[in-house]
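Sequences listed follow chains A and B, in order.
Counting in the numbering used here, the first sequence tops out at residue 303, every number present.
Counting in the numbering used here, the second sequence tops out at residue 318, every number present.
It is possible that part of the hints are untrue.
Partial chain B-side listing against chain A, Cβ under 10 angstroms, derived [claimed, not checked]:
no., residue
1, Thr97
2, Gly137
3, Val161
4, Pro225
5, Glu229
6, Glu236
7, Phe237
8, Thr240
9, Ala243
10, Gln244
11, Leu250
12, Gln252
13, Phe256
14, Glu288
It is worth saying that the hints were derived from the structure and are not from the lab.
Positions of the beta carbon are idealized from the N, C-alpha and C atoms, including for glycine.
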Amino acid sequence: MKRKLDARGLSCPLPVLEARKALREMEAGQLEVLVDNGIAVQNLEKMAAQLGLDCESSALGEDQYAVLITVGPGSPGAQRGAPSTAPDTVVVLASDEMGAGDPELGRLLMKSFIYTLTELEVPPAKVLLYNSGVKLAVQGSDTLADLLKLAERGVEILACGTCLNYYQLTDQLGVGAVTNMYAILESQMAAGKIVRP
Amino acid sequence: MAELPQGQDPDFLVGFDQCDDAAVYRLSPHLALVHTLDFFPPMVDDPYLFGQIAAANALSDIWAMGGEPKTALNIVCFPEKMDLDILRRILQGGSTKVLEAGAVLAGGHTIVDVDVKYGLSVTGIVDPERMYTNRGCRVGDLLILTKPLGVGIICAANRVGEASEQAVQQAVKSMATLNKHAAEILRNYPVHACTDVTGFGFLGHLHEMLGGERHAVIFSSEVPAIPEALAYAQEFLITGAAQRNRNYLEQHVQFDSRVEFSMEEVLFDPQTSGGLLVSVPKEAAPELLAELHGRLDLPCAIVGEIVEREAKEIVVL
Numbered sequence: 107m108k109r110k111l112d113a114r115g116l117s118c119p120l121p122v123l124e125a126r127k128a129l130r131e132m133e134a135g136q137l138e139v140l141v142d143n144g145i146a147v148q149n150l151e152k153m154a155a156q157l158g159l160d161c162e163s164s165a166l167g168e169d170q171y172a173v174l175i176t177v178g179p180g181s182p183g184a185q186r187g188a189p190s191t192a193p194d195t196v197v198v199l200a201s202d203e204m205g206a207g208d209p210e211l212g213r214l215l216m217k218s219f220i221y222t223l224t225e226l227e228v229p230p231a232k233v234l235l236y237n238s239g240v241k242l243a244v245q246g247s248d249t250l251a252d253l254l255k256l257a258e259r260g261v262e263i264l265a266c267g268t269c270l271n272y273y274q275l276t277d278q279l280g281v282g283a284v285t286n287m288y289a290i291l292e293s294q295m296a297a298g299k300i301v302r303p
Numbered sequence: 002m003a004e005l006p007q008g009q010d011p012d013f014l015v016g017f018d019q020c021d022d023a024a025v026y027r028l029s030p031h032l033a034l035v036h037t038l039d040f041f042p043p044m045v046d047d048p049y050l051f052g053q054i055a056a057a058n059a060l061s062d063i064w065a066m067g068g069e070p071k072t073a074l075n076i077v078c079f080p081e082k083m084d085l086d087i088l089r090r091i092l093q094g095g096s097t098k099v100l101e102a103g104a105v106l107a108g109g110h111t112i113v114d115v116d117v118k119y120g121l122s123v124t125g126i127v128d129p130e131r132m133y134t135n136r137g138c139r140v141g142d143l144l145i146l147t148k149p150l151g152v153g154i155i156c157a158a159n160r161v162g163e164a165s166e167q168a169v170q171q172a173v174k175s176m177a178t179l180n181k182h183a184a185e186i187l188r189n190y191p192v193h194a195c196t197d198v199t200g201f202g203f204l205g206h207l208h209e210m211l212g213g214e215r216h217a218v219i220f221s222s223e224v225p226a227i228p229e230a231l232a233y234a235q236e237f238l239i240t241g242a243a244q245r246n247r248n249y250l251e252q253h254v255q256f257d258s259r260v261e262f263s264m265e266e267v268l269f270d271p272q273t274s275g276g277l278l279v280s281v282p283k284e285a286a287p288e289l290l291a292e293l294h295g296r297l298d299l300p301c302a303i304v305g306e307i308v309e310r311e312a313k314e315i316v317v318l
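Just chain A, with the same shape it has in the complex (with noise of 0.2 angstroms):
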């Protein structure tokens, strides 16, 4: 299937966002953009090898290009488009435990409100770790397999190392770096939107 888009005449960000928006309806197949301009071009080239897609494009005449962009069945970029993270988002786990009663029903809501963090479209772009949050991010935790997947997302995890020295975790961190006090601050002084469970 080959779909296409004349954005011939409109200006940048327009023909980035029509053909993100073509591309967002396909599962596979090609769309080929039309575009006046060689800038519009080289931010269509941008935008595909953001979303892992295949590009290519040629001269059609003066001013006239033709961007064809590939979307494979199983190519990474077909339905991704939306920021990898919440840009100013940052979770703060000051406790090992979620809300308080009793400790073992806040352990057991802790492992919860993690798990549900990375079912998230878009995670966080943070989740800072003191006191005995620090517990949740070391070897032989119940919760280190699922900060590691929000890892891997792209989410900064950063654990308070006066924490993990108190407990003397420091050389059990499974996940993430160590911080301190001035970036445990700045990051929730710069952020948009504070979550604490």
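Add chain B to chain A, keeping to what the hints say.
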């Protein structure tokens, strides 16, 4: 411009061949005139806000030279059949900013045109001994940026109906904020180089500042940006102007693989009435930043360092 004859005059201190923010002409050993002119079509719908932004943008070059604006002249293009009330609102918006700048609106000129365009020609004064040029940053200096990046992306998203109201408000607030206050704070610090970030984007103006002689490392995680600009770039609300900047600068810039595509776009994003980019000695930077944080109502940060040598002129980490 390079082909135009500039004329010879020992008092003509800064001209267009030096890629600086404004032209400077010395009248006496400690007094020079600073001249600048900027005008453009609207980037926001509200005529009053457009006037404010265009004026803040035009005035900015004077502060980027370390000068004080004294007089300003309006430059207006306006369609014959358009409602004159719109023109009145644009000029009102502009005049509020000229007033806030401490300058005098001394006149102007209007011509009939198919589209609206507005801006100002501003004249200021500076002590040539204390003037800030683009060139002059030294190895070990830290770079401070006094406004967030991303207003170009947000205006582009707004044009196609994809920007949130909150994002537009943040962009407008940043664009309408005068660089006057940042410049006043700078007066008490040993500034090695200063420019304002406008059409060539952050990396373009940094490139001018480095002047083919210096290298810089940029800490992308520290660069203040309007959060929605990053989100919109990730959604491919990307502009032609940013791509033109990328084409021009690509050979000078190396991005670490961890730098996200959206941050690259923001660093190339052309800014209207952007912040000051300042190169100061490392020792002075923390105190300057603290004072800027205390007195400015916009995000500002230490965003990079002038270094000995790197693989490319600019390395973005």
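Hints, verified against the model:
1. With its C-beta approaching chain A no nearer than about 30 angstroms, threonine 97 of chain B sits outside the 10 angstroms limit, and its interface hint is violated.
2. The criterion of a C-beta within 10 angstroms of any C-beta in chain A is not met by glycine 137 of chain B, whose closest approach is roughly 30 angstroms, and the hint is violated.
3. This hint holds: valine 161 of chain B has a C-beta 6 angstroms from the nearest C-beta of chain A, less than the 10 angstroms allowed.
4. Using the Cβ-Cβ criterion of 10 angstroms, the hint placing proline 225 of chain B at the interface with chain A is satisfied: the shortest such distance is roughly 9 angstroms.
5. Hint status for glutamate 229 of chain B: holds, given a least beta-carbon distance of 8 angstroms to chain A, under 10 angstroms.
6. Taking 10 angstroms as the C-beta cut-off, the interface hint given for glutamate 236 of chain B holds, the closest approach to chain A being about 7 angstroms.
7. Satisfaction of the interface hint for phenylalanine 237 of chain B is found here, the shortest Cβ-Cβ separation to chain A being roughly 5 angstroms, below the 10 angstroms cut-off.
8. For threonine 240 of chain B, the interface hint holds, the least distance from its beta-carbon to any beta-carbon of chain A being 5 angstroms, beneath 10 angstroms.
9. A least Cβ separation of about 9 angstroms between alanine 243 of chain B and chain A falls short of the 10 angstroms threshold, and the interface hint therefore holds.
10. Nearest Cβ of chain A to the Cβ of glutamine 244 of chain B: about 5 angstroms, under the 10 angstroms cut. The hint holds.
11. Annotation: interface hint on leucine 250 of chain B violated; nearest CB of chain A at approximately 14 angstroms, more than 10 angstroms.
12. Given hint, glutamine 252 of chain B at the interface with chain A, is violated; its Cβ is 15 angstroms from that chain's nearest Cβ, farther than 10 angstroms.
13. With its C-beta approaching chain A no nearer than about 13 angstroms, phenylalanine 256 of chain B sits outside the 10 angstroms limit, and its interface hint is violated.
14. Nearest Cβ of chain A to the Cβ of glutamate 288 of chain B: about 17 angstroms, over the 10 angstroms cut. The hint is violated.
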